[in-house]
Structures are given as structure tokens and as C-alpha cells.
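**Q** Given these sequences and hints, build the entire structure.
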Amino acid sequence: EPEVTQTPSHQVTQMGQEVILRCVPISNHLYFYWYRQILGQKVEFLVSFYNNEISEKSEIFDDQFSVERPDGSNFTLKIRSTKLEDSAMYFCASSDLLGSNEKLFFGSGTQLSVL
Amino acid sequence: GQQVMQIPQYQHVQEGEDFTTYCNSSTTLSNIQWYKQRPGGHPVFLIQLVKSGEVKKQKRLTFQFGEAKKNSSLHITATQTTDVGTYFCAGTRGTSYGKLTFGQGTILTVHP
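Same order as they appear, the protein sequences are chains A and B. With the first letter of the first sequence counted as 1, position 42 gets the number 42 in our numbering; the numbers rise by one all the way through. Just so we're on the same page, our numbering is the position in the second sequence counted from 1, plus 115.
Derived from the structure by calculation, the hints contain no laboratory data. Each hint should be verified, as a subset may be incorrect.
Said to hold, decoys possible - Computed from the model, here is a short list of chain A residues facing chain B with C-beta under 7 Å: (1) TYR33; (2) LYS83; (3) SER87; (4) PHE106; (5) GLY109; (6) SER113.
To be verified - Calculated cross-link-like contacts (lysine-lysine; reagent style DSSO-like; alpha-carbon spacing at most 30 Å): (7) B:LYS174 <-> A:LYS42; (8) A:LYS42 <-> B:LYS171; (9) B:LYS171 <-> A:LYS103.
Each residue gets a CB set at the ideal place from its N, CA and C atoms; glycine is no exception.
**A** Right under this line is the structure:
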């Protein structure tokens, strides 16, 4: 089955540093998402992206966050100045349909640790 | 904002016993999805329910969507050790497809 791939699998950074998390969605998918999961907690929606623009974003996705699809295959999440509370597993997801036939495929995640 | 509550938080069963997790939303949902996350893994899509009162089966798994489209359940018959993991429900509201609101998940452990 096709997969969403994410790199790196682990990222350790100092507070205040910028990080870029990378994702390669499934090739024929059109809808892209970032979710995060703080250790032991539920998965939380960050942002959805379609047709080269943000469709929706949550309250978590403040000005420190940005997303980009720099080419035809990559989808990135940038955190400009990381905070301790940004430590979490970040999942990228993609889907090819919306609505009643929607199915999200999640990548294996990037574990971000902010020290 | 929309809240999706899931109970129980933990469930320990002996292999062969049944298991049920319940999901309740504070608002009417457009659809509800169920995901399984193995320890250290990522959420894997199990199923989506769209219609009021819908029931779907996948082998030993039975999924239900309530008549009011505000609650759902997942029932596993005769659990196996391979069923171990966290089961999440996730709902969408209105036309915010892809913007899933996840429940807290039920962690299932199965003792052989």
C-alpha cells in the first residue's frame, strides 16, 4: 500500500530554534494535513492544505507555524521559534478525497523534542 | 469548540473476551472515523461511518454510528493479542472534512 513518508523520525532542537519537518504525501493525493500528539494525549489537528493554500487551521497553529508545498512532492511544516510545549509527535497525513469517501493516511511521524 | 469524549481510557481483557469502546460528541457530526494506533506507531484508518444509525462490520470488529450522529461505538468480538493498541474515534463537523477531532483514545491490552 502507498505510504506517507516523514523525515526526520526524530528531531532534537533548542528552544527558540527553527525546525522544518518534512513530509512526502502519497503521490496522487490532493489534500494534506498536519496533526500532532503530545505524549500520552490525543491527536490534535493543526492545519489542512489544498490547492497550495491553507484550508483550515486550529488555534494551535499560530504565527510561529507555517506550511509549504515547495515542489510537487514535499509538504513541510515550519516552526519558527520553538517552545518547550511544541515537543510532540508530528504526523503528516494526506487524502485523495473529501467527504463521505474520505480516508486519511498518516505518516510514521516526527518526534520533536525541544530542550 | 467541538469535544469528542471516549471511554473507557483503558481496557484490559483476557484473550477471547469482547471489548467495546464508546465515543460521544458534544455536537452533531458529519461523519465519524475510527483509527488504530499500535504502541509507538501512527494512526491507521479502520473505517468511516456517515449515515445515521449506520452499522458496519469488519471481521470481528463492529462499528456503530448513533441515530443522532453524536455517538459511536467499536466492538471487538473474541479479542486476540494482535488487537492490542489504542483505538481512536475522530469526527468531522459540517464541511470541515479532514479536520478530525479525535477522542482521547482507549488503550486496549490483551492478556494471552
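**Q** Look at each hint and say if it fits the structure.
**A** Hints, verified against the model:
no.	hint	result
1	TYR33	holds, 6 Å
2	LYS83	violated, 22 Å
3	SER87	violated, 17 Å
4	PHE106	holds, 4 Å
5	GLY109	holds, 5 Å
6	SER113	violated, 15 Å
7	B:LYS174 <-> A:LYS42	holds, 27 Å
8	A:LYS42 <-> B:LYS171	holds, 24 Å
9	B:LYS171 <-> A:LYS103	holds, 16 Å
When each numbered hint is compared with the structure, violations occur for hints 2, 3 and 6.
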